[in-house]
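S.K.: Chains as they are written, first to last, in my numbering: chain A, 200 to 864; chain B, 15 to 309.
It is worth saying that the hints were derived from the structure and are not from the lab.
No experiment lies behind these values; they were computed from the predicted model shown.
Watch out, some of these pointers could steer you wrong.
[What the hints assert, rightly or not] If you anchor each label on the Cβ, the simulated ranges turn out as follows:
no., chain 1, residue 1, chain 2, residue 2, range
1, B, A152, A, L645, 24 to 34 Å
2, A, F725, B, E155, 27 to 37 Å
3, A, A250, B, P86, 48 to 58 Å
Every residue gets a Cβ at the ideal spot worked out from N, C-alpha and C, and that includes glycine.
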Amino acid sequence: MPETVSLSAGNRGSRTGVVPIVVLGLACVLSFALLLVYRPGVPGDPATAAALDDLLFWNSLLPRAAIALISGAALGLAGALLQRVLRNPIADASTLGIASGAELALTLGLSFSPLLIGASRELLAFGGGLAALLVVLVLSWRRGLDPVTVALSGMIVSLIAGSLSVTTILARGEYAMSIHIWGAGSLSQQDWSGVLSLAPRLVLGFAAALFLSRPLTVLALDDASAKSLGVALQTVRFAILLLAVWLSASVTATVGIIGFLGLAAPTFARLCGARTTSQVMLAAPLAGGAILLLADCLTQLLGSGFSDFVPAGVATALLGGPLLLFLLPRVHGFSAVTVEAGAGIRRLGEPGRMLILLAFLLVVFLGIALVFGRNDTGWNIATGALLSDLLPFRLPRILVAMGAGAMLGAAGLIMQRVTGNPLASPEVLGISSGSGAGLTLALLFLGFPSSLLMIASMAFGALAAFGIMMVVAARSGLSAERLLLAGIAVGAFSMAIVSIVLAQGDMRSYTLLTWLSGSTSRAGTFEAWTALISLAVLVAPLFLMTRWLSILPLGSGLSRSVGLRIMPSRLVLAVLAALMTAIASFLVGPLSLTGLIAPHLARLIGFHRPAHQLPATLLIGAGVLVLADWLSRVVIYPYQVPVGLFAALIGGPYLLWLLTRREQP
Amino acid sequence: MSKPFSLTRRAMLAGAAALLATAGRSRAGQSGPRVATLDWALIETLLAIGANVVAGTELRQFRQVAVAPEVPGTVADLGLRGTPNFEVLRFARPDLIFNSNFYAWADPLMSRIAPVESHSVYVPGQSPYQLAEKATLAIGERLQLASARSLVDELSERLDRYRRELADGNDRPILPINLGDARHYRVFGSDSMFGEVLARLGLSNAWTGTTSYSAMAPVGIETLATMPDAWIVLIPPHPEDAFRALTEGAFWKALPAVREGRVLTIGSVNPYGALPAAGRFADFLAEGLSSARNR
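One chain only, chain A, in its complex shape (with noise of 0.2 Å):
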């Protein structure tokens, strides 16, 4: 087996290397420099003036400066680790959701019991980091933690995590916010306590990184290999991996989530020519430090007075997409993730009588969601008056739901039917969060945009996100894993940009936190028709285009042959469903996993041929998402669950099981 860990990047030799040291270590210097001379100054009488200054001098600027340093160089080290012993160059406390994890476990214990956290605030982070990194391990342990599968994963972990955490924050109001906005990376300091009980980790770390750095040289071999050599093997990955969880969630709970910077700092350290595990042990943490203490800097000097631009945290996550872009060539996934596309578990021989049934089925669901519900005394069924005084808040949103539902389980099924792909969905491909990019974007620039240019902008913004990441796999011949890697980068990029104005923490933020949590329950008269006008207009030319969908998995070749002609074809495609998955994303969030998981049920259920599974694909879509709709207005009545959070708790597992199922010889 080859070794999958790349470390070609500095192969033209260490003088090369030299140039990318020089240029960061000048800069730090600089910026930290302009940031001395242009701090803003206290006003009042000279001599209050001074010692203040003094205070602000020896008690912030230094303390932060070394806390960038200090947590850059933590979580530097902890994704060098992880990148090495998961023998994987994209794996980091973000893309591992041990972040999420964390921020999601400080978050329910702020919640439940906010004294509690105080003398806790660490471990909380620790137990919550670990929890989801194993959930990450279990789900690709079968897969013998082949990358790709990982970084699946650990987005899935990392989308349900978060949104659980947005969820509990609009439950609780302001108050749960302090985690998600307050706490958003900022590395401003009072004092030196956070450094003193951060510093003393980062050395245990080190010493502790080069004491297992021999059996981590034997651990980027193959495992029998490590074996071999008589490494015990478990038992030092189990190490490395709790030591790189306890630095990152360390940092975590001081100064809150740093996005990306375990990816941004080996890969830095590779780039100046670091090439044995020892080298890259020691540059890493160093490139850590420097590029969080430059990002902060710039922070600082960009902001105005006192106030910082953007969290450090927030600046850095932008570094994410682009760096795993970068990183995409040297990801060699060892198992094929594809859960085979072709060959069903059965086929339908009547199908026209199964679209039947799951039409009827829908229009069960409908009328259970119609006319069942709930009130302060319990359960009812509404009928006659009671129902049509109902009936305008329950249509909507039901209608909403449904049109929604539909339309992410046709973009699902174009995606997966025209990159071959059985994982692709508008979640998975980070067009969801490419139309809350486009969103964010409207907020920003244009204040309080009005329904119709909010839909028009995350249309812009999934059409982007779209357009970006097919280039980029085109490029790479459309290889499944390369394309959910790229989906996954244009997701973290995009997640950055919202972040941003989420951090603002406005009246725009809370916009943005109430789309991302998915609710239905806003859903008027405007919602219901732009969602059956939208289902019927972009659904319709897709029945005739169901030729295209059979013949476009089969590969360039064979469709040329065929007399397609392939790019228009995929374009038209694309366009298509990136239009749907906007609106729907609009209607009812960025993570409802609905694109997913329809068209799967669809040939689980028997449907192979695209003129089948596409209705049925409509059906199942439609039915799922307005189940989870109900669900979620009658579960913690009167407060209710955002139904795209529902759906992507039934989503969610779904897709991690079908990525844990062993590939039939």
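Put chain B on the given structure of chain A with help from the hints.
M.R.: This is chain B only, laid out in the frame that chain A set:
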């Protein structure tokens, strides 16, 4: 507000009539049109002038943050402000719904339940105090409650009284803040309700920087050093651990305001409230400042 022994025939009939509806919600003894609102500033106004409130949003949180006026147990909870449950609103059978600009998106939906009237307190570029006065009077007129006028007049007199009481003191600026965590706070500018109350008390706001929707967040704690003359007024709710971590820190103890005892921790006040919140803030501030001066 509600009289005892008031399970009248009318209330019983109302309960019986609404078999499926939330019968118990009809507030026994309350007269006047049944009103509901999504907005926290409006619900405290309605409760303060003694309107017959039947539904409001996020009442669990409201009781913790706004504290006063007290919300009777019979008021239906509509759920989160961002995602209110309109079915509960329908079951509460309001005769009239008050809404604000912030929830304008809900107007078409709610107008199917009852007529909707909008009164906004927080509009960019306008004084929230004046808008709150205007809204209180308009609501009072609509519901024919004279108590609205007396709420406005009484508060304005109270603020004048405080202004005279505080006039002889030194004129240090006030910094009204709300802790987010141990290292960051949210500050309320001159365009906020707190800022407006400060102005009416003849006090100046120490925060002269920019704000976004009347507040600025998150601001690093270190900026407290740049306002050495100010009184620091901490407005809960804040995370208890953050408060402890902050106040035990060396930086905090070195601040001139802390060394000279110019820190005031008041009771929880809704930062986006109306006149009742303004009055509550003024009471806390006047009491705290005068007791500090008499020390």
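S.K.: Tell me, which hint numbers fail for this structure?
M.R.: Checked against the structure, no hint fails, so every one of them is satisfied.
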